[in-house]
Amino acid sequence: MLGRDGRTGERAPILPFSPSPLLPCWDMKPICSLSVLGFFLLLIPAKCWGADDFNGVPAIKIGILAPVQWETGQGILQAAQLAAEEINAGGGILGKNLELFIGDTEARPEKGIKALQKLVLDDKVHALVGVYSSGVALAQIDYLSRYKIPLIGTGVASPALTEKVAKNYPRYKYFFRCMISSDKIARYMTSFILEVVKPKLNLQKVAILAENAKWAYDLVPYLDEGLKEGGLEVVFKEHFDVETKEFSSLLSKVGESGAQYLIEVLGHTTSAPLVKQWADLKLMPLGGMDVGSIEGVFWEKTGGAALSETVGHMGGFRTPLTPKTIPFFDTYTQKWGETPHYTSYFTYDALYALAEALKSVRSLEPDAIIKGLEEVSYTGVLGKIEFQKEDHDLKSGEGYPGVIFVQWQEGGKREVLWPPSLKTGDLILPPWQR
Amino acid sequence: MLAIQILLYGAILGSIYSLIAVGFTLIFGVARVINVAHGSYYMLGAYLIYTFYSILRLPLSLTVLLTLAIILALAVVMDRVLIAPRRTQEPYVLIITLAAALFFQELVYLFFGPQGKNIPSFLPGSIHLLGLNVGIQRVFIFIASVFILGALWIFIETTRMGKAIRAVAQDTVAAQLMGVNPEKIFALTMALSAGLSAIAGIFIVPTLTVTPTEWLFPLVKAFAIVILGGLGSLGGSILAAFILGYAETAVTFGISSYLNEMVSLLIVVLTLLVKPTGLFGEAR
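Line by line, the protein sequences are chains X and S.
Every letter in the first sequence is one number past the one before it in our numbering, and letter 41, counting from 1, is 41.
Every letter in the second sequence is one number past the one before it in our numbering, and letter 175, counting from 1, is 175.
Stretch-level coverage of chain S by chain X, calculated; a stretch enters the list once three of its residues show a Cβ under 8 Å from a Cβ in chain X: (1) 111-118; (2) 203-215; (3) 242-253.
Pulled from the structure, derived: some chain X residues nowhere near chain S, Cβ distances all over 10 Å: (4) Leu82; (5) Leu94; (6) Pro159; (7) Leu194; (8) Glu233; (9) Gln260; (10) Thr322; (11) Pro323; (12) Gly337.
Derived by calculation from the structure, the hints in this document are not laboratory data.
Small disclaimer: the values here were computed from a predicted structure and weren't measured.
Ideal placement from N, C-alpha and C gives every residue a C-beta, glycine not left out.
Starting from the given sequences, assemble the full structure and let the hints guide the process.
Set out below in structure tokens:
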């Protein structure tokens, strides 16, 4: 088990040999000073290719950034560890083992920066994976070019991140996103609502309830637009504070709005109270993005009030997206005693994709890693992992990672409602509407 | 429709607030102590319930009893060990209780992490009341609070112990001369006030969530209520609690939930400007 600071072994030495105990003294005899000068001349090339030469390092060090005490953060760490163990068991990357170091971001920008600095300056990692929370990643992104360290962001949905790469490639090329961005999430939500919910409920009016986080602010306009194009009317739209626990007044307003379907956009909010209060008020059917509802124990947390809530699972669920998905799901569940979080799938695939990239470029130079990631095509547990060259966003579409819509049904069982290729059940109504 | 919603939800919020505020007023009125850790009992009560009910899966009645027992014991220990030695030095009491509050916060962070916890409702489901769907848990909170406050009032007004408490509140020295042991009364009052705060936490955690920093919210509300109602006045606190509850509910329904927190702070400012001793407070 990785220790709290993630160290499992010795640090790689910066130089391939220990420096001589004889330090230059300015009053040394000429021959001594010449040999000392020669010694230092030898050091320069060694320092240049020492740490970054694949053959010169004992292990490949990856820094994992995550809010350690959050469930989504645990999802990142656990998936990273599972991936590293599997890769090392399979011979590592060209014979070198992967070593993981942890940086706790606490999901806060200033802590995220400190964690990044610790990983880069103290632990001297070769690449970074993780983060969670677009707000934190946006704060960290400028430090990537300062330290020349690549980062594969998992759990970060804001389009602003990849827009930076596109607008200023030389400066932001170090950032890659292995995650579905908000605008794409909105499109998946729109497709699900128009294809599954609209015909079933004869849908005309919808309500949107979103948290006040960056990714949600980015997402809602796309959602709004997509729903309107699909012929629906958004009769209620409000953002609420992530810390809110008392939703009765908000939900009552939703109830009065005349909407037939309530679309939620929740990521950081603890959503159990919202869902319980929604059930208490016996409102219209509920669905959308609710990260809190992805974990298996959500059913218990809400005392079954989550019945009929439809949740977008970004990336994964226990469904055969690829032949690797279900084995990963089962191995992870068995190892950690809980089902993978959405961040787990992306982190797992990000590490494997990074491994593939390193195998092909055979170098730990930042620019080489970047090139490797731009060209990688790896089939993971979510689908084909490929990054777009112009903005380093994850490619999407047929065969690529997307969003699956899953509904809580009787007894806490979950059925996949969309996409049609993975469907296992039909949309059901809340118990009070049948 | 809006009026009925405000009427109902305001009453429920008011009853929760009165539980928190009454304890605070009691300890101040009697022991002249401003206990910054008052909110911590609320937070710890909620976390203890979470531990016993959700993690250890003990039966409900047992969890409530255990939680209350632990909180009461904790309050008495805090009073005897931390506060009693220098009770008359107000700055000391403020600082030591603040230190205790922060200590509990970090302790909870250590064991439970920062994410909000909540537990399944004791009384799941909802009923139809005055044209609205209201959670049964919430109706229970209101009824139970009224019952508890009523019992407290009877205790203070009619029993000997209650008389002793009132005597100490009026004049500690005179009470001593009449044979009352003030230290015992202080400890008892501390336990009572902590118990009330913990009960509020126990009621609320099934419907909302609790986080380690949750001790601040009841404290701020208690302060606002007690300033509005008048420090030391039990009746004033209850009335002020309902005023605050209704004011917040009206703002949430009428305007936006964003302005919620502003209401309590606004009330404090207005009260201090217009009538600093509060509605029923005695001038000190």
